[in-house]
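J.: For chain A, the structure is supplied; the task is to place chain B on it using the hints.
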Amino acid sequence: MAEALAFYSLAAFILGFAVLVITARNTVHSVLFLVVNFLFVAALYVVLHAEFLAVIQVLVYAGGIVVLYLFVVMLVNLKRPPEAHQDPRRRSRLGLVVSGIVLAQLVAIAAFSATQAAGGPAPVEASVPVAGNVELVGWQLYTTYLVPFEVASMLLLAAMIGAIILAKREL
Amino acid sequence: MVEIVIIPLLKIVIVLVAVLAGVAYLVLLERKVIAWVQVRLGPMRVGPHGILQPVADGLKLFLKEDITPARADRWVYTAAPIISLVPALIVFAVIPFGRDVHLFGLTVSLYVADINVGLLYIVSVASIGVYGLILAGYSSNSKYPLLSSLRASAQLISYEVAVTMTLVSVILLAGTLSMVGIVEAQREAGIWFFFAQPLAFAIYLIGGLAETNRSPFDLPEAEQELVGGFHTEYSGMRFAFFFLAEYANMIVISGVAATLFFGGWLPPFPNVAALSFLGFVPGWIWFLLKVLFFLYVFLWIRATLPRYRYDQLMRLGWKVLIPLAIANVILTGVATVWL
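Chains A and B supply the protein sequences, listed in that same order.
Per the numbering used here, the first sequence starts with residue 45, numbered consecutively.
Per the numbering used here, the second sequence starts with residue 723, numbered consecutively.
Only chain A is shown next, with the shape it has when bound in the complex:
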């Protein structure tokens, strides 16, 4: 009961701030609403007893990624999106079409998952010899998901090298 209350109120805030992100006039305000959104998602993780994920969400997303977004937004100082079409009616027609397609996809996913049997993969605690949030995540990362973990780090390295090459004036 308390969990449902917490979940629905957090979800309302998350959705509300997400709507504010896309409707804010000022781009910096939009980024700030995104930060608050991420903080509420972290609270959702805490409700789900995934405290490690919650703190990592704040540390990496809200405290790292969005800070860099904020740098770019402040320095570039956009007044309106650069590629927006001049005619507002055509813009809103295109927006309606795209959002209709996304809505259809979401409804299809929801209907499909409602017809599936309940219960997904088995909970992890049964099969690993460690207990506790951080230990479980670490164990899974280094045994079951080792290859994706290493590939993700290669991806980050490639992104970093790409950024350095793009930014440096002479190598």
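Quick caveat, the hints were computed from the structure, so don't treat them as lab data.
Don't take every hint at face value.
To be verified - Below, in silico cross-link-like pairs of lysine-lysine (DSSO-like), each with a Cα-Cα straight-line distance of 27 Å or less:
#1 B:Lys1041 - A:Lys212
#2 B:Lys786 - B:Lys754
#3 B:Lys865 - A:Lys212
#4 B:Lys782 - B:Lys754
#5 B:Lys786 - B:Lys865
T.: Chain B in isolation, oriented as in the chain A frame:
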């Protein structure tokens, strides 16, 4: 009921009041220490030996006119000092001041909360504090604050990496992320982690100086360079918030250093039986002494060293501290597995 609601509330109130009073007197202590280093006396007029100076300062800041620049972003301008101060204060929820005391038949633990990801909570909350700086500079609608806030936040996020790496090496030794667990690990190992990880401590201290914008890394708020830095356009209580946040961050860094590297509430040499008489001094007094020692080191460094130029500062962070910190993590990991 009492244990779940009243006692934590009381603890929170006590911790907040103590931290705010401590911050106010830390400002006075800084002026006194720097004065003594410079062979003068510091504030002496207000109260005996200037003891009431923080009261005078607080009253002055409270009563000052609250100015908002024209065409400043009102909401963000108002929110920035709050975003700076709140993370600095909520970190004190996980810092353990001592073990347990027995009061009125209840066993009260001397920390507000012991969460199992305590150390990571501290790092993540500190990374939220960066927003206060960025938004203050942006919302002031003025050149110097914008430049300064960009520099300050770039400095903060750079040194965050090095500091987090040193914390990782401590976690490797302790085997847990909980702050109380780390102190207990030091008690079981019998030594303070400072002796096991001197390089990590050195990097942590330097990174901590940079994280709190203290000398010699205080270019973002140096008066000679950038007028007032990111808080140029702030006056009165909002300016006081930024100051409170900076000094509270100093106390946080000292508290975390005391907990992680110097044994928290443990007396010196906890494993030497001959020195067990030191256990008669309560744990929280040891903790207080260690925190005061670190605060004194902060002030001492401020009084002594000249300021880093910004490019030297960034070079130090990225090219020296981060590789050293990562090498330390690797060495610690290897040593933990093989020894």
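J.: Next pair to validate is B:Lys786 with B:Lys865; report whether the Cα-Cα distance is within 27 Å.
T.: holds, 24 Å
J.: Could you grab the alpha-carbon distance between B:Lys865 and A:Lys212 and see if it respects the 27 Å cut-off?
T.: holds, 26 Å
J.: Next pair to validate is B:Lys786 with B:Lys754; report whether the Cα-Cα distance is within 27 Å.
T.: Holds, at roughly 25 Å.
J.: Is the Cα-Cα distance between B:Lys1041 and A:Lys212 27 Å or less?
T.: holds, 16 Å
J.: Are B:Lys782 and B:Lys754 close enough, with their CA atoms no more than 27 Å apart?
T.: holds, 19 Å
Checked against the numbered hints given earlier, this structure breaks none of them.
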